[in-house]
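Protein chains: 4
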Amino acid sequence: MSYNSYGHIYRTTTWGESHGPALGATVDGCPPGVPLTPEMIQVWLDKRKPGQNKNTTQRNEPDAVKILSGVFEGVTTGTSIQLMIENTDQRSKDYGDIAKTFRPGHADITYHQKYGLRDYRGGGRSSARETAARVASGGVAREALKHLNPGIEIKGYMVQMGDKKIDRSRFDWDTIDQNDFWCPDTEMAKEWEDYLTFLRKDDHNSVGAVIEVVARNVPAGIGAPVYAKLDTDLAAAMMSINAVKGVEIGEGMAAAALTGRDNADEIFFENGEVRYGSNHAGGILGGISTGQDIVVRFAVKPTSSILSPRKSIYIDGTPTEVITKGRHDPCVGIRAVPVGEAMAACVVLDHIMLDRAQTGGERGQIG
Amino acid sequence: MSYNSYGHIYRTTTWGESHGPALGATVDGCPPGVPLTPEMIQVWLDKRKPGQNKNTTQRNEPDAVKILSGVFEGVTTGTSIQLMIENTDQRSKDYGDIAKTFRPGHADITYHQKYGLRDYRGGGRSSARETAARVASGGVAREALKHLNPGIEIKGYMVQMGDKKIDRSRFDWDTIDQNDFWCPDTEMAKEWEDYLTFLRKDDHNSVGAVIEVVARNVPAGIGAPVYAKLDTDLAAAMMSINAVKGVEIGEGMAAAALTGRDNADEIFFENGEVRYGSNHAGGILGGISTGQDIVVRFAVKPTSSILSPRKSIYIDGTPTEVITKGRHDPCVGIRAVPVGEAMAACVVLDHIMLDRAQTGGERGQIG
Amino acid sequence: MSYNSYGHIYRTTTWGESHGPALGATVDGCPPGVPLTPEMIQVWLDKRKPGQNKNTTQRNEPDAVKILSGVFEGVTTGTSIQLMIENTDQRSKDYGDIAKTFRPGHADITYHQKYGLRDYRGGGRSSARETAARVASGGVAREALKHLNPGIEIKGYMVQMGDKKIDRSRFDWDTIDQNDFWCPDTEMAKEWEDYLTFLRKDDHNSVGAVIEVVARNVPAGIGAPVYAKLDTDLAAAMMSINAVKGVEIGEGMAAAALTGRDNADEIFFENGEVRYGSNHAGGILGGISTGQDIVVRFAVKPTSSILSPRKSIYIDGTPTEVITKGRHDPCVGIRAVPVGEAMAACVVLDHIMLDRAQTGGERGQIG
Amino acid sequence: MSYNSYGHIYRTTTWGESHGPALGATVDGCPPGVPLTPEMIQVWLDKRKPGQNKNTTQRNEPDAVKILSGVFEGVTTGTSIQLMIENTDQRSKDYGDIAKTFRPGHADITYHQKYGLRDYRGGGRSSARETAARVASGGVAREALKHLNPGIEIKGYMVQMGDKKIDRSRFDWDTIDQNDFWCPDTEMAKEWEDYLTFLRKDDHNSVGAVIEVVARNVPAGIGAPVYAKLDTDLAAAMMSINAVKGVEIGEGMAAAALTGRDNADEIFFENGEVRYGSNHAGGILGGISTGQDIVVRFAVKPTSSILSPRKSIYIDGTPTEVITKGRHDPCVGIRAVPVGEAMAACVVLDHIMLDRAQTGGERGQIG
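Here the protein sequences come in this chain order: A, B, C and D.
Quick note: the first sequence, position 88, residue 88 per UniProt numbering, numbers continuous.
Quick note: the second sequence, position 158, residue 158 per UniProt numbering, numbers continuous.
Quick note: the third sequence, position 109, residue 109 per UniProt numbering, numbers continuous.
Quick note: the fourth sequence, position 321, residue 321 per UniProt numbering, numbers continuous.
Everything labelled a hint here was simulated from the structure, so no lab data went into it.
Possibly wrong hints are sitting among the right ones.
Pairs count within a copy or across copies, as identical chains cannot be separated in the list.
[Stated by the list, open to error] Here are the simulated lysine-lysine pairs, DSBU-like style, with alpha carbons at most 35 angstroms apart: (1) Lys100 x Lys146; (2) Lys311 x Lys165; (3) Lys155 x Lys311.
I would like the entire structure built from these sequences, with the hints used as guidance.
Have a look at this one:
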């Protein structure tokens, strides 16, 4: 157990506050012999980096990762890897009011109640900047996966902003990286752009989103009962991301409305391989992968930091109104895409390693 | 880490298969001095017990719990508690076909692929019978909570069956225990009854459900960043229950459709206490409790065991059709209510203990 | 983390008190496909069983183990294994004084101070009966090792009783199982026998012992830095056994008196294999196995329950003298031999699994 | 579980290699509100620092610690603390031979066999430099202990070098900090000095040592059965330190030679407090503290890096002789003193927190 860690074997402990000198991830349990350079990690941090377009916060940080340990002559040594990201854009300012009030929707008040004090600069530890450390660890996990199971692919994208959902019939895998929203539906991407401009400029408001992450080519047999289930760990991984309020596997909440006949993923055997007629299960049965696409979705609430005034209190209990000025994403869901991908990569790697421990990676045969 | 355990400090390891001699929970970390008798646990097992009405499986088991350790002269000693439930209704029968085929929607195929073998009798370890062990541990957790924080109340109920959702305007806390569905909306309970009769008798089908669990009077300040978040552990707890495909905290997936202005839970201070204008957050901010009701929901997929034929294969790959005869719940969601409650009780207790470790239970003052 | 568990991947949680209805071990993480019957475990319990000769306690229990889960058709399924041993020789008696006083050298007083209460019947949870559960889990571990690494052999024996140490020049591996003391030196075994008779009959006293456990044919490369070291886990495993006060690897405490030149295990390469000129290291360098014999020793203090009066107090603080009548081993070290073996088996298996997780069991080549 | 971590609640993960850019400790679970500055930690690092006198390695590093997270306005926030020590004295040199041979007594060969590669610069991860990170974490633990239990004192000292043991009748607590060896016996300190000069200058050799660490004023009731025992965790903590081969609690290995009558620590009640007639137990019964001094000892083997040639092999198996030039301590035991203290501080804090989780720190009364 530890408060700021995740993973069983491939285990990440994150550290650092929004406005401290640095933040990072201590990664334990990585397999040895994995080729790893800062550039391989940086590409994912760049994807998450703020200030890339007008739809995300204008905080401007390079988020350059340094590897301080665990890599020698370009490959991992099997010992703990320290990934550090220095904070460079800590604008000095007067935190007077933020220090004494609680921003609605933020963890200001709960941190205060729990710890009796808090680092109020930019949310301190509860800032979404912490997710940069996860993305860094996810970058390592991706390289380790490439080393152990070259075919596995992990990809995230946004499927809903506010009440505007993508049209699955227009789903195009290739357009995901070609718009500001990691949106697989080009038409919807345009609609979102207009909507976000309105929210930001006119409405002084923000909006939530749903992100979907797919892990392809994960072999069947990964996962475990009863609490180290693959879906349990994916749910925990996603729910642990800032602002996430719901997690779904496969059909998710919609499974409630299905009947057993409709929900059954029928099983076939073709060309020496198991095939399924559908994937309502999202690639997981009994906590163990089926070999189909693993599909996980999560909902991100709207950014709590908005320019519209909300009622709150000072630490002494007197009432006030809070308007959060500053550089905030009107839709944090956008930048949650690479975070969700990173968490999925960490979980999948962790479970492949867990499985090796118990079964040696051997599989029961069919056919 | 262990595959079949959950909890950081209050830690439950479950064991046992559907048709083995017994199943149970090994509970470690329970506080000492908690009054505990088998009867206190039995009441919750009875709530989950099969065969109570025509809407649940007709398997008939007393599910009588025995306390084999950790209790002396009526109170817990602080050492590990063994809770055993003997299986008494293991009808001997010919498992021939079940042993060689994979039931669609079940973990038969993934267990086979992972372990190279499986206890095929009634689903073995992947059977929902395993949840009886969780309910037993939850019963202990409830008594420990009563001992440590007497005001805390944990209650679950069904809010949706198939596409039929309760009408929140008719929500009546008092009716929950008065119908077969733990439904807070009497009118909807009647509708569900008819629907279930149709599914069972005429349609040979099953249906999914959504369960909501509320934890009241949990003090503010329970939980922790970044991965021992209260919502992370609740999400993991619920997702680890058999057949669960989605988990929500507060607004859940619907948070995606909200704007920041609407989603903000405004903060007030009245009569020396913090109050909120709403509870979109479901009682958790930054992974830490606000003191409001903690609200978690989860979706249970329709029972995979149905009387309608579904396509599948034999272990050797040849095609077949599977019809699952036997004593199966047409809506497993009903019996998932006490399981969800039990998991919530375990998580809340665990986090109260975790919090004591770090802060001694002291709280930052407001006002 | 949990209070009553050990092991990272192959994880044992023990439960039960000396005079409760039963005790046992919940074993999680065992590899699937390991042939396992109660008889395979029973042989080790029989080795530890009380009442076998006049040198050990005359408590008479069959210590028959039942496998309640995790095994199907004679092989492990990969799910949690419940091993239960029913207590059958719980003589009912008046515990009046034992309930109110603290036996010197026992955990009576510390349990009382920690938990505010204790199961005083026969020491309750702190009784050495708890080690039966470890021996049961060790029996499973031995079968799993046989399945994964057939050549590994784990053997314990006594090397010292009181101040009487074996003569290493008379060491005979074959005599270990042929005397009541698992002593590899037949002459010393006779001396111990006389000494123990004197202690028991005339001196009303007890004595300590040193046990050595050797694990042979463990491949090089098992273990890990920095805290999951093989020697760290062996030290913890042995120190966790009741009454153990010291643990040594290889030269142990005597390493302090050596010089670097003498202590160096020189390295050779012969017939395609690494060889060492000596084994001062006890088979472990940097927490990782060298492939040589792994040698661990531990000291067991003299039995605290003796017929000679010792000063103590009542719970209310008033002074008293305690004489512990009953069925106690004059040298608990004897029965600690199978316990030490069991712990070593658990640790070695656990580390082989841990190693598979990270490296897949692949080894760096030499030569 | 994680490979490079220790502690249940107060959990330290260390990272970094001897000749990498930096090393450090990621500390999770520290209580909030603990006053903490780099200076408070630096004092302990200075104690361990190389190059302080001619008896320790002449490597010259400031070992200056930076706190990168978890502290705000001079107090801990309850979130993860990153402690970084930059490596400044990484003399560039030709590692040619070291890269291709295995130094006897070092982990070169086992790391190679396990991971297939190793950071050969100065021992890489297996270097004793890693212990600087533990000392840093121990410094934090000391401040946390001061905050939670002000009376607790933790002190280490050397009691044996080679075969030269201190005379306990000359034991003087006050002289410990007044000689180069943390020796409580001034006369012996002089003898050691001469001996070490001989080893270094004339004999080109090294020697082992025994260190004792005492924790005073730890309240009774800290610790737990069966595997989270206080002595179990102390044994693991000490055995995990580089070059340690044996660990003892109280009488340690010598307990084997005692009889039950002699070993019994008789119990008294004086002036409203429990007193003991002796402390053979080393302050721990049944894994739980008695309130007496907690006494742990460990043996450190002689430095493996010596100027005398030892036989070894190249990676390709061809024979060679290794002479380890460079800046090495002739008796690493000296600098192991602050490391042992640090580990003891971490374990004691961890167990006080663990105890709070389960019992809330309440104690069973006596008298």
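* **Within, between, both or neither, where Lys311 and Lys165 count as close if Cα-Cα is 35 angstroms or less** => Both: 31 angstroms inside a chain and 33 angstroms across chains, each within 35 angstroms.
* **Alpha-carbon proximity context of Lys100 and Lys146, limit 35 angstroms** => Classified as between: cross-chain Cα gap 29 angstroms, same-chain 48 angstroms, threshold 35 angstroms.
* To do: Give the relationship of Lys155 and Lys311 under a CA distance limit of 35 angstroms: within one copy only, between copies only, both, or neither.
  => between (39 angstroms within a copy, 31 angstroms between copies)
Checked against the numbered hints above, the structure violates none of them.
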